[in-house]
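Undergrad: In the numbering used here, the protein residues as written are 1 to 185.
You may find that some hints are simply not true.
DMTMM-like, lysine to aspartate or glutamate: derived pairs with alpha carbons at most 20 Å apart [said to hold, decoys possible]:
1. K46 - D114
2. K150 - D167
3. K25 - E14
4. K7 - E39
5. K179 - D167
6. K164 - D140
Cβ pair distances, simulated, as ranges [claimed, not checked]:
7. K79 - K164: 29 to 39 Å
8. S154 - D185: 37 to 47 Å
9. E180 - Y119: 20 to 30 Å
10. I183 - G98: 29 to 39 Å
11. K160 - I23: 37 to 47 Å
12. K174 - G44: 23 to 33 Å
13. S93 - E4: 45 to 55 Å
14. N52 - S154: 33 to 43 Å
15. D95 - E4: 19 to 29 Å
16. S97 - Q161: 33 to 43 Å
17. L24 - E180: 29 to 39 Å
18. I43 - K160: 21 to 31 Å
Simulated from the structure, these hints should not be mistaken for laboratory data. Being a predicted model, the structure only gives us computed values, none of them experimental. Cβ coordinates follow ideal geometry from the N, Cα and C atoms, glycine included.
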Amino acid sequence: MPVEVEKRLINVEEYYKMAEVGILKTDDRVELINGEIYEMSPIGSKHAAIVNRLARQLNMLFEKEATIGVQSPVRLDNKNEPEPDISILKFRSDDYSGSHPNVSDILLVIEVADSSVKYDKNVKMPFYASFGIPEYWIVDIDANAIEVFKRPGSKAYDEKQIFKPFDIIDILGKTLVVKEILILD
């Protein structure tokens, strides 16, 4: 009778231990999702520029109202510590210096996608929904659009909207113009 091979998943503590002993390097672009280490896509210049624009605009919009995380870890549970491009978090004057934000701290997560669009839609979207993250955005560089997902369910979001360059997006009671985020050729 054949024996099925089981995956050995790791937890956040083991993940950090791997970095401590040099298995993971400080410049490795990885994140822990469902106990597995995923290598993140390289960041191209458009991707980096959009993340910078978003961070700048969101910091101005939410000064002292929210903390803006930029490619920083969020701890969802003991087996999950993704590093979204942008996370909008409940405001804390210590900027989460004592611990990474957890599920209850997260108001919105944004992923900027060029080569990672399928991964962000097929893996990240249901992943964030399953943790009850209230809102998830995918900034699709190639489509010049922003997909906004709201009302998380157990495996997906119940509401999806697509915003094009001249649209205005409501973001936690404030507004952003899509073309001010995207890089239009």
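Undergrad: Taking the hints in turn, state whether each one holds.
TA: Quick rundown of the hints versus the structure:
Of the supplied pair hints, the one linking K46 and D114 holds, its CA atoms being roughly 9 Å apart against a limit of 20 Å. A hinted pair counts as satisfied when its Cα atoms are at most 20 Å apart, and K150 with D167 qualifies at roughly 17 Å. With a C-alpha separation of about 14 Å, the suggested pairing of K25 with E14 holds against the 20 Å cut-off. Taken as a hint, the K7 and E39 pair is honoured in the structure, with Cα atoms around 17 Å apart against an allowance of 20 Å.
Under the criterion of a C-alpha separation no larger than 20 Å, the hint pairing K179 with D167 is consistent with the structure, at around 8 Å. Between K164 and D140, the direct Cα distance comes to roughly 10 Å. Compliance with the 20 Å bound is thereby established for this hinted pair. Distance hint for K79 and K164: a CB-CB separation of about 37 Å, consistent with the stated range 29 to 39 Å. Here the CB-CB span from S154 to D185 is close to 39 Å, well matched to the stated 37 to 47 Å.
E180 and Y119 have their C-beta atoms about 26 Å apart, which keeps the hinted 20 to 30 Å range intact. Distance hint check for I183 and G98: the Cβ-Cβ separation is about 36 Å, which falls inside the suggested range of 29 to 39 Å. Against the hinted window of 37 to 47 Å, the Cβ-Cβ separation of K160 and I23 comes to about 38 Å, which satisfies the hint. Checked against the hint of 23 to 33 Å, the pair K174 and G44 passes, with Cβ atoms roughly 28 Å apart.
Separation of S93 from E4 is about 50 Å and conforms to the stated range, judged on CB atoms against 45 to 55 Å. Roughly 34 Å separates the CB atoms of N52 and S154, a value that falls within the hinted 33 to 43 Å. Between D95 and E4 the beta carbon distance is about 45 Å. The supplied range of 19 to 29 Å is therefore violated. Between S97 and Q161 the beta carbon distance is about 35 Å. The supplied range of 33 to 43 Å therefore holds.
Separation of L24 from E180 is about 36 Å and conforms to the stated range, judged on CB atoms against 29 to 39 Å. Distance hint check: the CB atoms of I43 and K160 are about 25 Å apart, consistent with the given range 21 to 31 Å.
Comparing the model with each earlier hint shows a violation of hint 15 alone; every other hint is respected.
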